[in-house]
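Take these sequences, add in the hints, and give me the full structure.
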Amino acid sequence: MTSFGFHASHEQIGPRALLEAVMHAERAGFDAAMCSDHFSPWSARQGESGFAWSWLGSALQATGLPFGVVNAPGQRYHPAIIAQAIGTLGAMYPGRFWAALGTGEASNEHITGDPWPRKDVRAARLRECVDVIRALLAGEEVSHDGLVTVDRARLWTRPEQPPALVGAAVSVATARWCAEWADGLITVNAPVAHLREMIDTYRDAGGRGPLHLQVHVSWAPEQTQAEALAYDQWRSNIFAPPVCWDLETVEHFDVVSADVPTQRVADVVNISADLGRHVGWLEEYVQLGFDQIALHHVGQEQRGFIDAFGAEVLPKLRPGG
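Take the sequence shown: its letter number 174 is residue 183 in the working numbering, and every next letter is one higher.
In short, the hints are calculated from the structure, not lab data.
A couple of the hints might just be wrong.
Ranges of calculated distance between the beta carbons of each label pair, as one might list FRET restraints [unchecked claim]: (1) E149 with R54: 41 to 51 Å; (2) M10 with R217: 39 to 49 Å; (3) W165 with Q70: 16 to 26 Å; (4) T233 with V130: 39 to 49 Å; (5) T121 with S152: 19 to 29 Å; (6) G122 with Q234: 41 to 51 Å; (7) D140 with S67: 24 to 34 Å; (8) A133 with W165: 23 to 33 Å; (9) H203 with G329: 43 to 53 Å.
Beta carbons: idealized from backbone N, C-alpha and C, even for Gly.
So, in structure tokens, the structure goes:
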């Protein structure tokens, strides 16, 4: 049975309000949660970017939900530090934490002052990071010289069962590559045919583990409200790779998104005041075989969305609904 999670967007909501939101989501009937891990938002209008790893400890303690995080080791984060963070949360909250790993975005990684590598180099760097993190979580002492350097690292606090390392992908090619190393796959909402091809490619290449989907939604009691908040908050997030990977600052995103048509936002966000339409969209994703679907309401106010979806959407998606 598909579980439905609440996506906590650190780039749009301050950490205290976000903690209150995820606690409310659990009370409203959401099954799980996940969060982003960025240094910078994509727009000045979004206006936040709390530190995910501090927040995750509080959120795991404040709820009984399983949690995931999407992380990019290799530049802003050393893989040994990420292994330590994963290991500590896994030891404190057994069976409730997973981490998705991706190649990152320049908007977060440029802060180190190091050059932003080509995509193929970033992929090779991530692969090295995955091997380092796995070895450390297995209790090995790790030294490594490559695109990342590790010198005699060892984790002294580890969980009995290492948390899953999930592959983050938006393309079919990346989904195929993730099958080589990942314990599952996560992607974002896209046309059903594309999602089906990603799933089939991942499984055909030997990909194992659960399938996760993050779904961007915009809901309000009136259609014009739903459209307006999606346009305000998410029009800087409509650009396909490599643009979204390579822009460096909030100012860059705001300049290139200044004249985005409303329809472009509707291509990446499920926008509707009709809760039945949201049920229909989500039913299509369930039929594709996703094990967990995390709902990201792109507005900054979450309570109305949580209450509406908890009462009118999630029950219809469950057996007997």
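Results of checking the hints against the structure:
{"no.": "1", "hint": "E149 with R54: 41 to 51 Å", "in the structure": "holds, 45 Å"}
{"no.": "2", "hint": "M10 with R217: 39 to 49 Å", "in the structure": "violated, 19 Å"}
{"no.": "3", "hint": "W165 with Q70: 16 to 26 Å", "in the structure": "holds, 22 Å"}
{"no.": "4", "hint": "T233 with V130: 39 to 49 Å", "in the structure": "holds, 45 Å"}
{"no.": "5", "hint": "T121 with S152: 19 to 29 Å", "in the structure": "holds, 22 Å"}
{"no.": "6", "hint": "G122 with Q234: 41 to 51 Å", "in the structure": "holds, 42 Å"}
{"no.": "7", "hint": "D140 with S67: 24 to 34 Å", "in the structure": "holds, 31 Å"}
{"no.": "8", "hint": "A133 with W165: 23 to 33 Å", "in the structure": "holds, 29 Å"}
{"no.": "9", "hint": "H203 with G329: 43 to 53 Å", "in the structure": "violated, 31 Å"}
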